[in-house]
Amino acid sequence: ETSVTLYGIIDTGIGYNKVEVGDNYEAKKVGLINGVQSGSRWGLKGTEDLGDGLQAIFQLESGFDSSTGFSAQDGRLFGRHATIGLQGESWGRLDLGRQTNIASKYFGDVASPFGASFGQANVGATFGSANTVRWDNMVMYQTPNFSGFQFGVGYSFNTNGSQDWDVDNDPTSDDNDEGITTGLRYANGPIGAALTYDQVKNDVVDGKVKAWNLGLSYDFEVVKLHAGFGQTKDGWIGAGNFGAGAPRADMYEDGLEANLYTVGVSAPLGAGKVMASWAMADFDDLNGQELDKQSIYSLGYTYALSKRTNIYAYGSYADNLYGLDDAKSTAVGVGLRHQF
Amino acid sequence: ETSVTLYGIIDTGIGYNKVEVGDNYEAKKVGLINGVQSGSRWGLKGTEDLGDGLQAIFQLESGFDSSTGFSAQDGRLFGRHATIGLQGESWGRLDLGRQTNIASKYFGDVASPFGASFGQANVGATFGSANTVRWDNMVMYQTPNFSGFQFGVGYSFNTNGSQDWDVDNDPTSDDNDEGITTGLRYANGPIGAALTYDQVKNDVVDGKVKAWNLGLSYDFEVVKLHAGFGQTKDGWIGAGNFGAGAPRADMYEDGLEANLYTVGVSAPLGAGKVMASWAMADFDDLNGQELDKQSIYSLGYTYALSKRTNIYAYGSYADNLYGLDDAKSTAVGVGLRHQF
Amino acid sequence: ETSVTLYGIIDTGIGYNKVEVGDNYEAKKVGLINGVQSGSRWGLKGTEDLGDGLQAIFQLESGFDSSTGFSAQDGRLFGRHATIGLQGESWGRLDLGRQTNIASKYFGDVASPFGASFGQANVGATFGSANTVRWDNMVMYQTPNFSGFQFGVGYSFNTNGSQDWDVDNDPTSDDNDEGITTGLRYANGPIGAALTYDQVKNDVVDGKVKAWNLGLSYDFEVVKLHAGFGQTKDGWIGAGNFGAGAPRADMYEDGLEANLYTVGVSAPLGAGKVMASWAMADFDDLNGQELDKQSIYSLGYTYALSKRTNIYAYGSYADNLYGLDDAKSTAVGVGLRHQF
Chain W
1 ETSVTLYGII DTGIGYNKVE VGDNYEAKKV GLINGVQSGS RWGLKGTEDL GDGLQAIFQL
61 ESGFDSSTGF SAQDGRLFGR HATIGLQGES WGRLDLGRQT NIASKYFGDV ASPFGASFGQ
121 ANVGATFGSA NTVRWDNMVM YQTPNFSGFQ FGVGYSFNTN GSQDWDVDND PTSDDNDEGI
181 TTGLRYANGP IGAALTYDQV KNDVVDGKVK AWNLGLSYDF EVVKLHAGFG QTKDGWIGAG
241 NFGAGAPRAD MYEDGLEANL YTVGVSAPLG AGKVMASWAM ADFDDLNGQE LDKQSIYSLG
301 YTYALSKRTN IYAYGSYADN LYGLDDAKST AVGVGLRHQF
Chain X
1 ETSVTLYGII DTGIGYNKVE VGDNYEAKKV GLINGVQSGS RWGLKGTEDL GDGLQAIFQL
61 ESGFDSSTGF SAQDGRLFGR HATIGLQGES WGRLDLGRQT NIASKYFGDV ASPFGASFGQ
121 ANVGATFGSA NTVRWDNMVM YQTPNFSGFQ FGVGYSFNTN GSQDWDVDND PTSDDNDEGI
181 TTGLRYANGP IGAALTYDQV KNDVVDGKVK AWNLGLSYDF EVVKLHAGFG QTKDGWIGAG
241 NFGAGAPRAD MYEDGLEANL YTVGVSAPLG AGKVMASWAM ADFDDLNGQE LDKQSIYSLG
301 YTYALSKRTN IYAYGSYADN LYGLDDAKST AVGVGLRHQF
Chain H
1 ETSVTLYGII DTGIGYNKVE VGDNYEAKKV GLINGVQSGS RWGLKGTEDL GDGLQAIFQL
61 ESGFDSSTGF SAQDGRLFGR HATIGLQGES WGRLDLGRQT NIASKYFGDV ASPFGASFGQ
121 ANVGATFGSA NTVRWDNMVM YQTPNFSGFQ FGVGYSFNTN GSQDWDVDND PTSDDNDEGI
181 TTGLRYANGP IGAALTYDQV KNDVVDGKVK AWNLGLSYDF EVVKLHAGFG QTKDGWIGAG
241 NFGAGAPRAD MYEDGLEANL YTVGVSAPLG AGKVMASWAM ADFDDLNGQE LDKQSIYSLG
301 YTYALSKRTN IYAYGSYADN LYGLDDAKST AVGVGLRHQF
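Protein chains in written order, with my numbering: chain W, 1 to 340; chain X, 1 to 340; chain H, 1 to 340.
If you're looking for bench data, these hints aren't it; they were derived computationally from the structure. Heads up, some of the hints might be wrong.
Repeated chains share a single entry, so a pair holds when one copy, or any two copies, can fit it.
[To be verified] Straight-line C-alpha distance at most 25 Å; calculated PhoX-like pairs for lysine-lysine:
no., residue 1, residue 2
1, K201, K28
2, K233, K208
3, K45, K307
4, K208, K28
5, K328, K28
6, K201, K18
If we strip away everything but chain W, and leave its shape as in the complex, we get (with noise of 0.2 Å):
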């Protein structure tokens, strides 16, 4: 009997990157891009069972950069997963470690015909919570699935590496941001659906950044519907990056506020399947400042050379990035990916 399995994603390709700020910048970028589809990984996993219905779970996995072969998620030899857990068939499963959020976890797929997928067409470039967050140190409990329905809750003791110490009379101490993240989904038949909570409590910001999701999807088979609305609010977790002097913030600013939608739609396309999607982050105004409206319009294509090795092409097209006036990025690519 094998007690651990070892398995991988290897992601790789060619791309053009363009980002503009008005008139006054301008950067490019031609060359090996990465991970688009899905971050290069490899990883073990195992299940052990302990009788009862009860069962031992782990995963450890590590992200890489294919063009280059250094360790990704600042470093961490395991920054995609690690954890250990237990799963009992009658009440769900327990995990400690680092892993993605709830939103993250059960909004993406969702929303999205790219999911957490395709680099800024991903629809965690809008969603920041959904952006393939991955919190250390977290507890997270899921139930099973019953009749379609999962939820889920997790409470991460500091997000990001080691906890800091609580030391009396020292303010500088106790330099945690905790998370809580939560969510339901529902998936029967044609209809997905998922609604997911999030709050981080960071030293930047005075109380909590917040960001809610709703996404539905409906497959019609001939083609399938997503749509997501959600709301952030003193900040954005999940931040993500543009690229060269897009504006990116640390995006944790009090009464930073936003409504966030999307349209996706994928189909089927000869032997491979075709998607698009609309994004957009509609901020407030920001301490008496005007934001603009960030829009992301993204279309790809994925075709399946086997079960396991596919190649892919994306392009999309982002204005207003952050509400910044004007501030546009183009991302288009080729690539291969390769299951293991």
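Once you have looked at the hints, place chains X and H on chain W.
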């Protein structure tokens, strides 16, 4: 024929730690704990028969923090172990590379029911040279088991990191901490015994840090008794860290001397095993300054869910850490450990 | 069907190195050596049949120091190799990612009995472009074997690290070292031949560093003869490091030119193989300064304990390192290598 075995352990739990120094300092932490019973790891090992009773042997073992996914052992890829060697039925084994010293191999499990495990309960918190001390650049020879006896001796060209060059007329060159480790152990029926000696040349002290340990155990089947005695001189090999604000010091200091004591007991309890130990470091005065006796009281319990998976609970209280008056550390935790 | 192969090599030994520069500088080191015959590594590789003679191929190879357990290749996780590709019986193979250049693939084993192995005896110590030069962000195409001939060509968008953006009006941007590598090899019966060309655009030099190599070998069965000739211009691709105090220089310098020569021989000796080589770099004057001829004399012996395990001994003496008068390096060592 498989030429390599992939294996590992994940150990994660939830714990509470408090460190106090008199009335002036108090630090606390509640959250995920990792590697308490066994350091989380994955590894590769193998044995190849070369004929005539000769075998090639290797082991590569990678330690990591299961709460965050970061590599342990200062970011080493194979920080727990990296050796290649030869083994002969008649003459023993020779291993080259990074590995633990003899005290960590032979002494811990004899002298304490906790062995080198369970954090502060670890026998190495008192007997530093058995504190899972890993040395780089080591050549180690160990005899076969002769009627229960095994002898080992190792030399490290530099215990920590790549070897430095010895440049003529450059006193800053040749900055290598050379280590010698040796010991004898005996195991036969209910009796276990271990005697070890370690010394490290360190530039901080004028001379060498030295430590020896003697451990004894007897298994009455109802209970197993453990005892250890040792001495450390001009420093403290394998000095650990009790946590934020706890005295740690480099522990290489001319004139530092301590007698080390421990007694412990383990016994089956229900379907598990209960363990208890007391350990003390009795320091001599250091440069006219009085140092207090460091005492550690520990209690633990492990319960097997299967041959490969168990849960555990432990608590430990330490006083006068590293001789500092009224410096206390309390640690309690529960965890889940899985081996694959 | 297994979809991934786990493999590796560990190579550790004991050696002595001395570097002298005239009467003023002398540095010595005795201790563990690692990766002398083969860099210590573990890796994952696989091939999947996609039908019609097409295959998906990947290889992830992680280098490490077997004396200390640290990752090699500047801390990369998969620093030796990280590629995904497609392979067709009729058209050859295309690999994307980090890998060695063509000179390192084709030239070394033809031009020298040591190939790219055995430290200072390595043909790359003289023919730098074959010094196991690994480039990130590479697209490489190689033909199939046609009657013993194989042709390859590769382009790296940036040889070392993630690609830099090209920002308008920012001369510090686009700091990419683009590399081109190409070559032809022939192997048929007793004859081996290789011709390679490499160039790298580097900001330090005005223009490009260029190097070409020609290697020939003939296997008389009693002995195998090897010879190589090459030229390097405006720098030295794959410049290595002979050790403490040895001249190294960045080796990218306008006007630097050298003719490169080597001859070598290998022969069965007892149950093993003996290897010997001489190599020279004959520098042109550089900016009016005379550079001396670098010469390297090497002798080695390998002895197989099994198909997967061998021991080795080697010695090498180098004079006028990188053209510096009276700069000498001596290296001797014995080691144990195991493949799994």
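Against the structure, the hints come out as follows:
no.: 1; hint: K201 to K28; verdict: between (36 Å within a copy, 19 Å between copies)
no.: 2; hint: K233 to K208; verdict: within (8 Å within a copy, 52 Å between copies)
no.: 3; hint: K45 to K307; verdict: both (21 Å within a copy, 18 Å between copies)
no.: 4; hint: K208 to K28; verdict: between (36 Å within a copy, 23 Å between copies)
no.: 5; hint: K328 to K28; verdict: within (12 Å within a copy, 47 Å between copies)
no.: 6; hint: K201 to K18; verdict: between (34 Å within a copy, 23 Å between copies)
Checked against the numbered hints above, the structure violates none of them.
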